[in-house]
Structures are given as C-alpha cells and as structure tokens.
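Line by line, the protein sequences are chains A and B. Under the working numbering, the residue at position 238 of the first sequence is numbered 247, and the numbers go up by one with no gaps. Under the working numbering, the residue at position 6 of the second sequence is numbered 15, and the numbers go up by one with no gaps.
Keep in mind the hints are simulated off the structure, nothing from the lab. Treat the hints with caution; some may be incorrect.
Note: identical chains are not told apart, hence a pair may lie in one copy or across any two.
[To be verified] Below, computed lysine-lysine pairings styled on DSS-like, alpha-carbon distance capped at 30 Å:
(1) Lys43 x Lys269
(2) Lys120 x Lys43
(3) Lys43 x Lys68
(4) Lys54 x Lys207
(5) Lys269 x Lys154
(6) Lys68 x Lys274
(7) Lys120 x Lys281
(8) Lys269 x Lys120
(9) Lys281 x Lys226
(10) Lys269 x Lys68
(11) Lys68 x Lys54
Okay, here's what each chain looks like letter by letter:
Number of protein chains: 2
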Amino acid sequence: MKRTAFFISDGTGITAETLGQSLLAQFDTIGFTKLTRPYIDSVDKARAMVQQINTAAEKDGVRPIIFDTVVNQEIRDILGQSDGFMIDIFSTFLAPLEQELSSHSSYSVGKSHSIASSSNYMERIEAVNFALDNDDGARTHYYDKADLILVGVSRCGKTPTCLYMAMQFGIRAANYPLTEEDMERLQLPAALKPYKHKLFGLTIDPDRLTAIRHERKPNSRYASFAQCEFEVREVENLFRRENIPYINSTHFSVEEISAKILVEKGVERRLK
Amino acid sequence: MKRTAFFISDGTGITAETLGQSLLAQFDTIGFTKLTRPYIDSVDKARAMVQQINTAAEKDGVRPIIFDTVVNQEIRDILGQSDGFMIDIFSTFLAPLEQELSSHSSYSVGKSHSIASSSNYMERIEAVNFALDNDDGARTHYYDKADLILVGVSRCGKTPTCLYMAMQFGIRAANYPLTEEDMERLQLPAALKPYKHKLFGLTIDPDRLTAIRHERKPNSRYASFAQCEFEVREVENLFRRENIPYINSTHFSVEEISAKILVEKGVERRLK
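Bound conformation, chain A alone:
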C-alpha cells in the first residue's frame, strides 16, 4: 500500500520532519511517500497545501498523514479542512508544558531553528571551518584547539563524521588518516602522540572499504581488497595496542557514529 505523508511547518519543517520520520519508521510494512513543506506561512500557501493534500488523498485512495508544527491558528484551521489525518505536534505538548512551567507559550513561528534563538552561530561556523581546515591531516598544529581527533584509514568515514559533529554540535573535530607508513612503524604518528586523550578511532569492514575506494580510484592498488584488509587489520591492532577507543562505521549512520563518539568520550555538545 502506498501512502503519502506531509511534514508541514511555517518554519524550516525540521521538527515536523524529524518527528514524522521517527514515527513512520515504526511502520515498516507501509511504503510512504514523504514530502516536506516548509514556510507554509500564509493563507494562500495553506490553501495551495490543501489542494496538494487532497490530490494525494485521491491518488492514494486513502487520506495522507500530516505532521504539522504550524503555530498560526488561521493556517492550521485551513489545513484542518483538508482530507488529511492531522498529527498536531505543538498543540499536543504545549498545553501540558504550559501548566508544568507555569508559563505561557509565546506561540512564535520558527523559533527553534532560527539564528535568533542561538548565540551559537559563530561557534558553529567556526567548528565547520575547523573541520575543513583540519581535514585529512592537512594541518596538525591546531590539535591543541580540537575537541576530538578522529583517526582511521583513508575513506573510512572520518570527514563526514567531523562535519556532522561540527554542524550539529559545534564540536571542533580534526581528522588524521593513518597511512601505510604509520602502520609499518607500529606506532602513533608523532603529531598525534601529545593528543592521545582526544583520539577516537574509526574502522570499517574491508569489503565496504574496497567498494568505496573503487568509486574514487577504480582498479588501483589503493582500492584492492588485499590492501584494504591489510590496512584495516593493522589499524585495529594499533587502536587496541594504544588503547584508543574505536567503532566500526560499516553499519552505522553518521548520526549514530557521532552520538556514540560523544557518549564514549564524555564530550558535551557546544551548541545548546
């Protein structure tokens, strides 16, 4: 069965989308067509939205599921006239929170992902720049400023993880690729030694690594299974010998790897 789900907001739609995705993931026998519709912030846009919802209802032969975080009551009333099944995220929780906090909700639009709500803007951009500047061992003389330094073989997922942690948490994460030379030396590279407490290792299944490297450099020694297997084995040995905590990135998303690293290293996010 095909069913359409809309994530509708008068802001970015991030909250509606995140919660909606989580809830729908619990119903894995149903194939959902998921559509995020941010900035539905006028009566006209709401009416056009109703048209889209009704068209989907007709096409699917069943009413769409609507997750909304729209604050404006007039717009919500219009959406409520559609042929959708509405999950009202804000109204469900704001009343009990108002009571518990003895305080009134400001019912203001798009607060949580706006720049205004966050004094952290510069910190975040700084963290992204830090990740870019200190990517792939490009520079090692700013490691004193790093919150974390990810280590692992080339193409095991270090860069996306560093960027995600920077963007989402404001964490300054550098990364350093361990090369064949480092492995043969059987010890940590000199640049990393003073920062052993900041190190976190990533490893990966050799066959996945082979596939990823083939995309970049097809049929090279670098991408051969033998080479990948050798590097992974040696690096895992190094992690164990040096007591560097590590995880295998093969079966985890960037979100999962990042969350696990923060828990394991006891690092709190800088963006609040």
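With chain A held as given, fit chain B onto it using these hints.
Below, chain B alone, put in the same frame as chain A:
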C-alpha cells in the same frame, strides 16, 4: 529561574532533542540547561539516568522536563520513577497512528536515524564529497552533475550551506565565489553561464562580512568595510541584472537558508 531539560533516547536522541528544543523555544523567559542523553538502552543506564535527573531536580529545586523517545517499556518504567516531568513522545502519537494506519508499530529501537532504514547512505556520502570537491570554485567541470550552485562573495556562508544541504538532503551543491574581477567584468563568469538555472545567490550585510573576514585575515584590505561594501553592492547588482534568485544570509541560520533555497528553486530532497 533555572530549569533542566533532558532529551533521552535509546537511539541517537535526535528526535527527542529536536522536538524538545522546538517546544522549549516557545518558553523564552525560562533559562533551560539542556542535556541530551542518547543510547540509554539498558536497565543499568536507565538507573544511572534516574540519579542524574534526581540530582538536577534537587539542585534546581524544581523537577526537570524529560523528553523521551525510549521504546523499551522496562526502561521507560524506570525513567518514570524519577523526579522528572515526562513528555512521552512516542507513546503519545503511536496509538493514534496505529489506528489510522490499521497497522502495528514495530516498537523497534533507533529506526529513523539508522543506516538500515536508509538506502540513501551512499547518496549522502556522495553529496558530501561533491560539496567538498566542488567547494569555492575549485572545480567547475562537474557543474552538469550539480543540483544547485551557490554564488556569492567570499565568506558569505556558501560552504556551510552546501555541506548542510548535502548532509541533510543528499543535494549535490557546488559553490563559486564571485571575485572582484567578476564584478568588474559586469557579467557572469564563463563557467557559470551554461548553468544559470542552477544558480542561487547568497548575500550578506557588509558589517557582518567585515567581522567574519577580520577573523580570517585581520586588518587586510580583503576584510576592510569599504571592500566588503563594494563587493556586496556589486554582487547584488549582478544578481538583479541576471535574474538570479538570492537571499541575505545575515539573519538566517544554515537550516533556514537551506530550506528557503529548496522551496525557491523547487528542488526536492534526495534523501527520503
């Protein structure tokens, strides 16, 4: 008044955190200490969590707010014994959804941010690599593969926006810095001309740009207010002359800019 909020999950905590942040943002007179606690997936961790909650309750003199997406009932029961005020995100919405979908929730842990739920893993990593490889005009011969090309003066926020769109939406976004030369030529650089339909402009207030550039190159001509003002004015003229849609990034977060760009260009996210 100081009050602690916990975002607790047996997965990454992203859903609990996102919804919790959105709801708390509506109560802007209260100062919240926000703590995300992912991977609370055992009885022992749940008991330790209760300790933390109770300690915060004692310190604040008022019970903490708890947003949880824990699926396991035993763990939820333990958390329920704490001195916190629980907002049960999943249980609130799963029952009505089960009824509407005539289907049972799988009550499985950490579904929505796991790699398993997403066939999009490679697409996402590819998009991040595309953003990195095509950053800052480094390469222009892959613009045929780009979903979007951001243009604007140096340091107006192009790179973080491209990376965010890649990571969150799987969108392949390149970016090209418009230089003084481009401005003096009074026309689009040759590399961009064939891709005018993919272009989106970013602009920024000159005083903000001055501040950002000073961080990078203090007291340079590049960072001077006169230079920043000149570049911004010329680039905005170019955008208008060439009918390139654009927004001013000064007062928007990366999330807001990204969502606005997708709406304006009518580009659907690639990650579903």
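> Which of the numbered hints are not met once you compare them with the structure shown?
Replying inline: none
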